[in-house]
Structures are given as C-alpha cells and as structure tokens.
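Line by line, the protein sequences are chains V and C. Here our numbering is used: the first residue of the first sequence is 1, the next is one more, and so on. Here our numbering is used: the first residue of the second sequence is 326, the next is one more, and so on.
Honestly, I wouldn't trust all of these hints.
[As the list claims (entries may be wrong)] One-sided excerpt, in silico: chain C residues whose CB lies under 8 Å from chain V:
1. Pro-340
2. Ser-349
3. Arg-352
4. Asn-354
5. Leu-571
[What the hints assert, rightly or not] To give an idea of the chain V side of the interface with chain C (calculated C-beta under 10 Å), a few residues:
6. Cys-27
7. Leu-138
8. Lys-195
Just so you know, these hints were derived from the structure itself, not from any lab. Cβ coordinates follow ideal geometry from the N, Cα and C atoms, glycine included.
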Amino acid sequence: MAAASEVSPVARVQIDGLVILKIIKHCEEEGTGGTELVQGVLLGLVVENTLEITNCFPFPRHTDDEDFDEVHYQMEMMRNLRHVNIDHLHVGWYQSTMHGSFLNKALLDSQFNYQHSIEESVVLIYDPIKTSRGTLCLRAYRLTPLMMQMYKDGDFTPDCIRKANLSFQEMFEEIPIVVRNSHLINAMLCEIETKAPTQPSNFLSLATGAVLEKQLRLLMESVDEVNQDNNKYMNFMRNTIKQDMAKNQHKYKRQQENTARQSRGDPPLPEEDLTKIFKPIPTPTRLDGLLTSGQIKHHSNEVNQFAAQSFGKLFMAEALQPKTE
Amino acid sequence: MAASDVSLRECHVHPVVLFSICDSFERRNEDAKRVIGTLLGTNVHGSVEVTNCFSVPHNESEDEVAVDMEFARNMYELHRRVNPNETIVGWYATGIDITEHSVLIHEYYNRECNNPIHMTVDTSLRDGKATIKGWQSQIMGVTSKTQGVLFTPVPVEIVFYEPEKVGVDMVVEGKSSGRRTIDVVNDLENVGKSAAKLQEMLAIVISYVDEVLAGKIPADNTIGRYLLDLASTVPQLEPREFEEMLNNNMKDLLMVVYLSNLVGTQLQLNEKINMLELTIK
Chain V
1 MAAASEVSPV ARVQIDGLVI LKIIKHCEEE GTGGTELVQG VLLGLVVENT
51 LEITNCFPFP RHTDDEDFDE VHYQMEMMRN LRHVNIDHLH VGWYQSTMHG
101 SFLNKALLDS QFNYQHSIEE SVVLIYDPIK TSRGTLCLRA YRLTPLMMQM
151 YKDGDFTPDC IRKANLSFQE MFEEIPIVVR NSHLINAMLC EIETKAPTQP
201 SNFLSLATGA VLEKQLRLLM ESVDEVNQDN NKYMNFMRNT IKQDMAKNQH
251 KYKRQQENTA RQSRGDPPLP EEDLTKIFKP IPTPTRLDGL LTSGQIKHHS
301 NEVNQFAAQS FGKLFMAEAL QPKTE
Chain C
326 MAASDVSLRE CHVHPVVLFS ICDSFERRNE DAKRVIGTLL GTNVHGSVEV
376 TNCFSVPHNE SEDEVAVDME FARNMYELHR RVNPNETIVG WYATGIDITE
426 HSVLIHEYYN RECNNPIHMT VDTSLRDGKA TIKGWQSQIM GVTSKTQGVL
476 FTPVPVEIVF YEPEKVGVDM VVEGKSSGRR TIDVVNDLEN VGKSAAKLQE
526 MLAIVISYVD EVLAGKIPAD NTIGRYLLDL ASTVPQLEPR EFEEMLNNNM
576 KDLLMVVYLS NLVGTQLQLN EKINMLELTI K
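Assemble the whole structure, with the sequences as input and the hints as a guide.
Shown next, in the form of structure tokens:
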C-alpha cells in the first residue's frame with residue numbers, strides 16, 4: 001500500500017474558487033463571524049498526486065435536536081448532488097478555527113477516522129478572523145504515516161513514543177494549496193469586478209496591538225498546559241523511582257530475613273508477589289503533551305509571520321516621513 | 326397565480342451564488358441547453374438578498390418541460406437543516422432568453438414562495454460578458470379576459486461579506502495568470518503585493534498630475550480636492566516623535582518574536598529530554 005512508503009499519496013491540494021467561497025460563507029453565517037466551530041464535508045477526486053476539491057457542503061451544528069441523523073443527512077446530500085453531476089466522492093472535511101488553536105484531540109480523532117477509510121483525505125483549516133484582516137488563511141493538513149501507525153496502536157506511553165521517535169513536528173504535515181478556476185468562472189469574475197470593484201481593505205493598517213495580545217495570551221495558555229503536563233510526568237517519574245527504591249528495600253529485607261532463617265534452620269519465607277504490595281503506577285499518556293507542543297509551535301510560527309508582516313508595514317510608513325537630520 | 330404583495334425593488338446577490346451557477350452549468354447533462362435551480366436567501370419588504378442556491382435537474386424539449394420537484398423539495402429541506410434562515414426567494418436559469426417554459430417554471434415557484442425573483446445568468450457570453458439580470462413577473466392584460474405575464478427587470482447588485490471580499494480578491498488574481506492557478510501565499514509576500522499595488526496607484530495619480538500641469542488635461546476641481554485630502558492624510562509629526570513611535574513599535578514586535586522563538590527552543594529541548602532513555606527503570 002502506498003502509505004507504507006514515506007511519500008504521501010497527496011502532494012498538492014487543488015481547490016476550486018467555489019469551494020473557498022462556500023466555506024467562507026458558511027463560517028460567516030453559521031459561526032457568527034468565527035466564534036463557533038463550523039464543519040463541513042469536502043467532495044472531489046484524486047488525480048495522480050493532486051487532490052482536487054470541487055465542491056463542499058456544510059454540516060449542521062451538533063446542538064440541534066437529538067433525532068437528527070448525521071449519516072442520513074450526508075447520504076441524502078451526496079445522492080442529490082450526484083443527480084446534478086457534482087463529484088460525490090468524499091475526500092475530506094473542513095473546519096473553522098479561532099485564532100489558530102485547532103490542534104486538539106477531536107481533530108486528531110476525526111482526521112484519523114477519515115484517513116483510515118479514505119486514504120487521501122485532508123482537513124482544511126480556515127481561520128475567519130485572520131481572513132477578515134486582509135489575507136485568506138486556509139491550510140490543508142494530513143496525519144503523517146508514522147502518526148497513523150501510532151494512533152492505530154493506541155499506545156502513547158513514553159516508551160512507545162521513544163521507540164518510534166515521534167516528535168511533535170511529525171504529527172501533521174501541511175500540504176500546499178493551489179486555487180483553480182475554470183474559464184467560465186473567469187469570465188464571471190470580470191463581470192463581478194466591473195459591477196462591484198473591490199475596495200482596498202484595511203490590510204495595511206498599523207494597529208498590531210490587539211492581535212499580538214491575543215496571540216501571546218494563547219501562547220501563554222498553551223505553555224501553561226505543557227507545563228502542567230510535564231509536571232504530571234515528572235511526578236510520575238518521581239513516584240516510580242520511589243516505588244522502585246521501596247521494592248528494592250523490601251527485597252533486601254526479605255533476603256536478610258531468609259538468610260537469618262536459614263542460619264537458624266527455619267524454612268525460608270515464600271517469595272511474595274511484589275506487585276500486590278506495590279501497586280504499579282499507570283504510565284501517563286504523552287499524547288496531550290505532543291498536541292499542545294504542536295499547537296505552541298503553530299502559534300509561534302503565526303506570531304513570527306505576523307511580526308514580519310508588521311515590520312514590513314512599519315518600514316513602509318517610515319518611508320513616508322521625513323528623516324531626522 | 327397569486328398577485329404579489331410587495332413588488333421587488335432590488336436584488337442583492339452574493340458571489341457564491343454566481344460561482345455555483347457557473348459550476349452547475351459546466352456540469353450539465355449532454356443534451357441540456359440550460360440549467361435551472363432554486364435561489365435561497367431572504368426577502369425583506371421587496372429587497373431580496375440571495376445567499377445560496379442549488380441546481381435542480383430538469384428536462385426541456387420543444388413542447389414540454391419537466392422539473393424534478395421532489396428533488397427540489399428534498400434539497401431545500403437539507404439546506405434548511407444547516408441554515409434555517411434561508412428561504413426560497415426565486416429561481417435562476419442560464420442563458421438570456423425567457424421562454425414560455427420559464428413562465429411555467431415561474432408559476433411553480435410562485436407556489437413555493439411569495440413573488441419569486443427570476444435571475445438569468447448569461448453563460449454563453451453573448452455580449453462578450455456574463456450578464457446577470459433579475460426579473461419579476463407582473464400580470465398584464467385586462468381583468469376578466471385572459472391575462473398574460475410580463476417579466477419586468479429588477480436591478481441586481483453584487484454584495485459581499487467582509488471575508489468574502491478577501492476571498493474574491495484572492496481568486497480574482499488568478500484571472501490573468503495563464504492556467505488560472507494561484508498559490509496561497511504567506512503574509513510577508515502579501516505585504517509586498519499590497520505595496521506594489523499602492524505604488525501602481527500612486528504612479529497613476531502622479532502621471533495625472535503631471536499631465537494637468539503640462540496642460541494636456543483640463544484640471545478638475547473635485548479631483549484636486551481628493552488629492553488635497555490624500556496629501557493631508559499623511560500625519561504631520563515631528564520627525565523625532567515619529568522615530569520614537571516607530572522604535573517603540575519595533576521593540577514590541579522584536580520582544581514578541583524573541584519570546585516566541587524562546588518558547589520554540591524550549592519545546593525542542595523538552596522533546597530531546599523526552600527521548601532520553603530512562604536509566605532508572
């Protein structure tokens with residue numbers, strides 16, 4: 001199977017302009033401008049090593065009434081779309097995010113399920129808040145084959161992770177996105193442009209304070225989480241060491257007693273099962289730590305990019321002012 | 326056919342709808358000459374806002390037309406699950422002409438909603454561009470005799486949500502490049518692009534001013550006033566003050582960058598420690 005090799009079956013993701021607009025519209029209407037998570041399904045097909053996404057439809061929110069059958073909805077939608085010749089092949093799903101904090105267990109679970117059943121599936125993360133600031137923020141992610149294997153085993157104890165050499169950077173891989181439009185859509189775009197000329201956005205505004213604050217706060221929270229996780233792990237190690245020492249002491253005492261008894265001619269005491277006295281401490285899973293670390297890395301990347309952008313803007317503003325002589 | 330309560334004054338369309346229509350036209354069956362579908366949105370006192378649409382399979386021949394109404398109803402229900410605010414506001418058809426079949430289809434939609442709007446999108450690019458027109462039906466004729474239907478035009482405007490504008494901007498860029506592909510670029514390159522755009526605009530303005538000064542174009546007072554506004558928006562600051570502000574801002578940014586890099590390094594260290602063998606066990 002292709003997944004066994006190191007080369008991922010999907011090297012590029014090609015999205016139709018229509019899909020992007022639909023995702024934007026859905027997030028805008030449902031998520032009230034990005035405060036709630038919205039999800040949907042991506043449809044398309046795979047051509048060589050490019051995943052083409054040609055259409056999508058949204059998922060209703062989970063807070064609806066209980067008798068709502070998700071699978072039924074999906075089946076109905078796909079059947080209807082097939083009638084009008086829209087590609088009905090399920091190739092992935094999309095999700096909105098708030099300020100870039102999307103690396104959590106739920107994402108991992110869903111993506112694993114998808115990738116397990118459909119090998120080439122991707123998850124598109126769309127950030128509505130960043131987009132309203134001026135640039136479209138859309139990214140495609142997949143789980144690496146290593147991560148898939150580990151998840152299948154379901155074992156995230158430190159030993160397994162060490163053996164597999166899994167670092168937080170190797171959990172997800174980002175796939176480059178390309179947007180494509182057909183000729184007819186291009187003609188339509190000309191019409192749209194003349195009818196509603198695009199106004200200049202406030203992309204070049206110098207107000208960086210609010211965004212930096214928000215991102216730093218998120219970074220601090222994630223760092224706190226990692227800290228807590230690490231503390232838990234250190235406690236576990238400390239407890240294990242203490243337990244080991246206690247076990248050794250017990251063994252030593254036993255031996256001493258036995259030699260004493262032997263010298264007196266009494267039968268030696270039976271070997272006791274050490275695990276009954278010292279209950280084994282469960283090894284904590286390192287999965288949360290990994291996820292949070294990945295999240296932190298993502299946040300710091302975002303901060304760096306944003307800072308680079310702000311530097312550019314500041315230098316531009318400087319060019320407009322007379323220099324101090 | 327029920328008479329309309331409020332006649333439609335104007336129609337606002339979102340670009341998603343137009344893209345959808347084009348896409349379904351491209352995917353039409355071999356023998357179909359045009360595509361029809363339902364328009365979803367809101368109708369507030371005659372001002373219609375169309376936010377979504379879906380195509381409906383139909384068969385059209387010389388003398389009869391068949392629309393899959395079951396399908397239309399089904400799809401509408403599914404869409405309502407996601408967004409209960411959207412209602413049927415009308416229907417669309419590709420191609421310019423309004424045929425007698427359109428009248429029949431319009432009658433069907435009249436049963437579904439009150440005063441449906443009919444939108445035509447010219448996908449055959451007859452005038453060299455894709456004309457988008459809106460129509461509403463009016464009854465004409467003398468009462469008590471056979472009455473006909475007249476389609477009167479409704480002005481159509483394209484509106485955007487804020488993020489939609491950004492999306493459309495990005496997609497529009499691919500218009501001029503050969504195979505119409507655009508890469509999603511990162512932030513710094515976007516700044517570069519915006520700067521280039523600004524430069525272009527400034528160049529146009531400067532060349533205009535030059536030509537006015539050289540006497541080639543008569544001076545226009547309104548444009549002159551705009552230019553004055555433009556020049557005055559550059560804030561007048563003491564150079565020293567401005568440098569201070571600039572440096573403060575830059576120091577903030579640098580600090581944040583250092584902090585985030587520090588966190589990144591810490592994480593790497595953490596990773597390395599995790600990978601170490603536990604010699605105690």
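Status of each hint after checking the structure:
1. Pro-340: For Pro-340 of chain C, the interface hint holds, since the closest Cβ of chain V sits about 6 Å away, which is under 8 Å.
2. Ser-349: OK, holds: Ser-349 of chain C within 8 Å of chain V, min 6 Å.
3. Arg-352: 4 Å, holds
4. Asn-354: 7 Å, holds
5. Leu-571: Nearest chain V Cβ about 6 Å off; hint holds.
6. Cys-27: Interface hint status for Cys-27 of chain V: holds (7 Å vs cutoff 10 Å).
7. Leu-138: Result: holds, 6 Å to nearest chain C Cβ.
8. Lys-195: This hint holds: Lys-195 of chain V lies near chain C, its Cβ roughly 5 Å from the closest one there, short of 10 Å.
Taken one by one, the earlier hints all hold for this structure without exception.
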